[in-house]
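Here the protein sequences line up with chains A and B, keeping their order.
For the first sequence, my numbering gives the first residue as 1, with consecutive numbering after it.
For the second sequence, my numbering gives the first residue as 1, with consecutive numbering after it.
By construction, these hints were calculated from the structure, which means they are not laboratory data.
One should not assume that every hint holds.
Stated by the list, open to error - With the Cβ distance kept under 7 Å, some of the chain B side facing chain A (calculated, not the full set):
1. Phe32
2. Ser54
3. Gly57
4. Ile59
5. Val172
6. Gly203
7. Ala204
8. His206
9. Leu209
10. Ala213
11. Gln218
12. Arg225
13. Pro226
14. Lys228
15. Leu231
As the list claims (entries may be wrong) - 16 Å max Cα-Cα, derived EDC-like pairs, lysine to aspartate or glutamate:
16. B/Lys264 <-> B/Glu180
17. B/Lys264 <-> B/Glu69
18. A/Lys228 <-> A/Asp64
19. A/Lys264 <-> A/Glu56
20. A/Lys228 <-> A/Glu69
21. A/Lys264 <-> A/Asp254
22. A/Lys221 <-> A/Glu199
23. B/Lys221 <-> A/Glu241
24. B/Lys264 <-> B/Asp64
25. B/Lys228 <-> B/Asp64
26. B/Lys264 <-> B/Glu275
27. A/Lys221 <-> B/Asp233
28. B/Lys228 <-> B/Glu56
29. A/Lys228 <-> B/Glu56
30. A/Lys264 <-> A/Asp64
31. B/Lys228 <-> A/Glu56
32. A/Lys264 <-> A/Asp167
33. A/Lys228 <-> B/Glu199
34. B/Lys221 <-> B/Glu241
35. B/Lys221 <-> A/Asp254
36. B/Lys228 <-> A/Glu69
37. A/Lys221 <-> B/Glu22
Note that the structure is a prediction, hence the values are computed from the model and not measured.
All residues carry an ideal CB built from backbone N, CA and C; glycine is no exception.
There are 2 protein chains.
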Amino acid sequence: MTTAFLGPRGTFSEEAALLRAETGDLAAFASFPALVSAVETGLADEAVLPIENSIEGAISTTLDLLIHETTLRITGEIALPVRLFLITAPGVGLPDIRIVTSHPQPFGQCRRFLDRCLPGIEQVAALSTAGAVKDVMESGDLDRAAISTARAAELYGGAILAHDIQDVHTNVTRFVVLAENDALPTGDDKTSLAFRIREDVPGALHHILGELAAENIQMTKIENRPSKGWLGDYIFLIDFEGHRQDAQVARVLDRIRERCSMLKIFGSYPRFPLESLRGSIDTEQSID
Amino acid sequence: MTTAFLGPRGTFSEEAALLRAETGDLAAFASFPALVSAVETGLADEAVLPIENSIEGAISTTLDLLIHETTLRITGEIALPVRLFLITAPGVGLPDIRIVTSHPQPFGQCRRFLDRCLPGIEQVAALSTAGAVKDVMESGDLDRAAISTARAAELYGGAILAHDIQDVHTNVTRFVVLAENDALPTGDDKTSLAFRIREDVPGALHHILGELAAENIQMTKIENRPSKGWLGDYIFLIDFEGHRQDAQVARVLDRIRERCSMLKIFGSYPRFPLESLRGSIDTEQSID
Numbered sequence: 001m002t003t004a005f006l007g008p009r010g011t012f013s014e015e016a017a018l019l020r021a022e023t024g025d026l027a028a029f030a031s032f033p034a035l036v037s038a039v040e041t042g043l044a045d046e047a048v049l050p051i052e053n054s055i056e057g058a059i060s061t062t063l064d065l066l067i068h069e070t071t072l073r074i075t076g077e078i079a080l081p082v083r084l085f086l087i088t089a090p091g092v093g094l095p096d097i098r099i100v101t102s103h104p105q106p107f108g109q110c111r112r113f114l115d116r117c118l119p120g121i122e123q124v125a126a127l128s129t130a131g132a133v134k135d136v137m138e139s140g141d142l143d144r145a146a147i148s149t150a151r152a153a154e155l156y157g158g159a160i161l162a163h164d165i166q167d168v169h170t171n172v173t174r175f176v177v178l179a180e181n182d183a184l185p186t187g188d189d190k191t192s193l194a195f196r197i198r199e200d201v202p203g204a205l206h207h208i209l210g211e212l213a214a215e216n217i218q219m220t221k222i223e224n225r226p227s228k229g230w231l232g233d234y235i236f237l238i239d240f241e242g243h244r245q246d247a248q249v250a251r252v253l254d255r256i257r258e259r260c261s262m263l264k265i266f267g268s269y270p271r272f273p274l275e276s277l278r279g280s281i282d283t284e285q286s287i288d
Numbered sequence: 001m002t003t004a005f006l007g008p009r010g011t012f013s014e015e016a017a018l019l020r021a022e023t024g025d026l027a028a029f030a031s032f033p034a035l036v037s038a039v040e041t042g043l044a045d046e047a048v049l050p051i052e053n054s055i056e057g058a059i060s061t062t063l064d065l066l067i068h069e070t071t072l073r074i075t076g077e078i079a080l081p082v083r084l085f086l087i088t089a090p091g092v093g094l095p096d097i098r099i100v101t102s103h104p105q106p107f108g109q110c111r112r113f114l115d116r117c118l119p120g121i122e123q124v125a126a127l128s129t130a131g132a133v134k135d136v137m138e139s140g141d142l143d144r145a146a147i148s149t150a151r152a153a154e155l156y157g158g159a160i161l162a163h164d165i166q167d168v169h170t171n172v173t174r175f176v177v178l179a180e181n182d183a184l185p186t187g188d189d190k191t192s193l194a195f196r197i198r199e200d201v202p203g204a205l206h207h208i209l210g211e212l213a214a215e216n217i218q219m220t221k222i223e224n225r226p227s228k229g230w231l232g233d234y235i236f237l238i239d240f241e242g243h244r245q246d247a248q249v250a251r252v253l254d255r256i257r258e259r260c261s262m263l264k265i266f267g268s269y270p271r272f273p274l275e276s277l278r279g280s281i282d283t284e285q286s287i288d
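Chain A extracted, bound-state conformation (with noise of 0.2 Å):
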């Protein structure tokens, strides 16, 4: 079995990966497309791609490859929280760290952090998290740090000096897995699709998440992406709980063909319990 995840090694993408495969092999790939064709041609088994993040929102070349590029299902998810490290070579202190290197974007992640604990330092950029702590570690310098993923710290022998070093303790990105078929149903699963609704009838997304409301089906997400033909021609993108193979999501996605001229179902897939990350991301708040 082999998960293949956006590379380099020692990102957040490596480390969802990692929750998925806790016993298969991981394979690094340079670019979403290439994560999907590794799949296709059989290079890999599945292939975990971030979707949604809750800063950021969503992640529309993940939403387009799924509308336009290909047939692969959606046969899992992962929620993962942005965390953030201060890495170091072992032994070094706070005292002792001159400059701070890391991607432009974490600096900005933990400006609280950086004001409060290394006021006016040095900040020298990366092009990854994950290169950050290569490049400290390779130098051999004891006066840099590097802000980066603690799987990073792992990889490359850094050691963690401070954690959860980021302003935002919500910042959490959803991944999914892609692979060939979706997944048997569990009793807590969702199912995603995309639909473009028959042209000039008035309501007609309302009617459709009516067929939802009806079943009692709840729904979890709507989104949209242009068509890419006309401005104001939408594909519409909506999760909801419940498998494709319960008779009453059966049921309904009967009745939405009937009001759509496309619908393409992305999978059914167990559903992550975002519940257990609240626990642990409210305990971090408090303490903050």
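Since the structure of chain A is provided, determine the placement of chain B on it from the hints.
Same frame as chain A, now just chain B:
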């Protein structure tokens, strides 16, 4: 009357601002937040911001400014086809060209034209489409061409050698105009708003869209953005036909408000006649 736009001059943002401010002054600002501050502080009377592209989708920076950062109102909208031109010094012909320069994005958007009419030509990156024309004109070289806007050709004295060289002829960007107050009713208006539904009310979004359907009000767009709180906690943005001073729209707004934990009306403004663009773009496509 001063209209602020995202600089530099010669970009599509300036073209949109020119459509708006035929008789007024234009002022370039360096970022989206700067445009908002310019109007809030009286440096400008209104600001033009891109909000949606027919290929790329929503421009989330603009949506988040409207949701979180400002009480400015949407007072108008402009839809502008993304038209790209091959621009040289006057008198230069196609066989003279050895180098083409532009921002990296337009190279990808004009691949077919470049493959057909300038195969194998050297491509040199510039910081912006407008900067590309400036570079070509200031260099005095007669073997260089820029891919850019008609406005940039005009500003820097370039000659248009070929027009509408973009692969996709339905690529349209929609801009909103922000000001202290929204617009008076014209009889052909749109209203934009954001809301957050009460948590854990199944079908809440369906009921809100039902209020629009019950009054026969056509929704033209629905979008979501993360609330920036917990993953899965969204703010919905909808556009629909009608002005908030219309009796039926006012009734719907009252009813929606009851179902929301937050409701923010971005404004009512004259609808841009998209169908006027459709004619000209369809003609271009039939020539293609």
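Here is how each hint holds up against the structure:
1. Phe32: 15 Å, violated
2. Ser54: With a closest approach of 4 Å, the B/Ser54 hint holds.
3. Gly57: Nearest chain A Cβ about 5 Å off; hint holds.
4. Ile59: Since chain A brings no Cβ nearer than about 11 Å to B/Ile59, farther than 7 Å, the hint is violated.
5. Val172: Nearest chain A Cβ about 4 Å off; hint holds.
6. Gly203: 4 Å, holds
7. Ala204: Since chain A brings no Cβ nearer than about 9 Å to B/Ala204, farther than 7 Å, the hint is violated.
8. His206: The hint holds - B/His206 has a Cβ within 7 Å of chain A, the shortest such distance being about 4 Å.
9. Leu209: For B/Leu209, the interface hint holds, since the closest Cβ of chain A sits about 4 Å away, which is under 7 Å.
10. Ala213: With a minimum Cβ separation of about 4 Å from chain A (threshold 7 Å), the hint on B/Ala213 holds.
11. Gln218: Cβ of B/Gln218 sits 5 Å from chain A, so the hint holds.
12. Arg225: 6 Å, holds
13. Pro226: 5 Å, holds
14. Lys228: 6 Å, holds
15. Leu231: Since the shortest Cβ distance to chain A is 4 Å, the answer is holds.
16. B/Lys264 <-> B/Glu180: 15 Å, holds
17. B/Lys264 <-> B/Glu69: 12 Å, holds
18. A/Lys228 <-> A/Asp64: 10 Å, holds
19. A/Lys264 <-> A/Glu56: At roughly 25 Å apart (the allowed maximum being 16 Å), A/Glu56 and A/Lys264 break the hint.
20. A/Lys228 <-> A/Glu69: 13 Å, holds
21. A/Lys264 <-> A/Asp254: Roughly 12 Å separates the two Cα atoms, so the pair holds.
22. A/Lys221 <-> A/Glu199: With Cα atoms ~22 Å apart, A/Lys221 and A/Glu199 exceed 16 Å; violated.
23. B/Lys221 <-> A/Glu241: Since the Cα atoms of B/Lys221 and A/Glu241 sit roughly 24 Å apart, the hinted pair is violated (cutoff 16 Å).
24. B/Lys264 <-> B/Asp64: 12 Å, holds
25. B/Lys228 <-> B/Asp64: It holds: about 10 Å lies between the C-alpha atoms, which stays within 16 Å.
26. B/Lys264 <-> B/Glu275: 29 Å, violated
27. A/Lys221 <-> B/Asp233: Within the cut-off at roughly 9 Å; holds.
28. B/Lys228 <-> B/Glu56: 22 Å, violated
29. A/Lys228 <-> B/Glu56: 8 Å, holds
30. A/Lys264 <-> A/Asp64: 12 Å, holds
31. B/Lys228 <-> A/Glu56: 8 Å, holds
32. A/Lys264 <-> A/Asp167: With a Cα-Cα distance of about 38 Å, the restraint between A/Lys264 and A/Asp167 is violated, given a limit of 16 Å.
33. A/Lys228 <-> B/Glu199: 33 Å, violated
34. B/Lys221 <-> B/Glu241: Roughly 10 Å separates the two Cα atoms, so the pair holds.
35. B/Lys221 <-> A/Asp254: Violated, at about 25 Å.
36. B/Lys228 <-> A/Glu69: Given that 16 Å is the threshold and the Cα spacing comes to 30 Å, the pair is violated.
37. A/Lys221 <-> B/Glu22: 42 Å, violated
Hint violations for this structure: numbers 1, 4, 7, 19, 22, 23, 26, 28, 32, 33, 35, 36, 37, all remaining hints satisfied.
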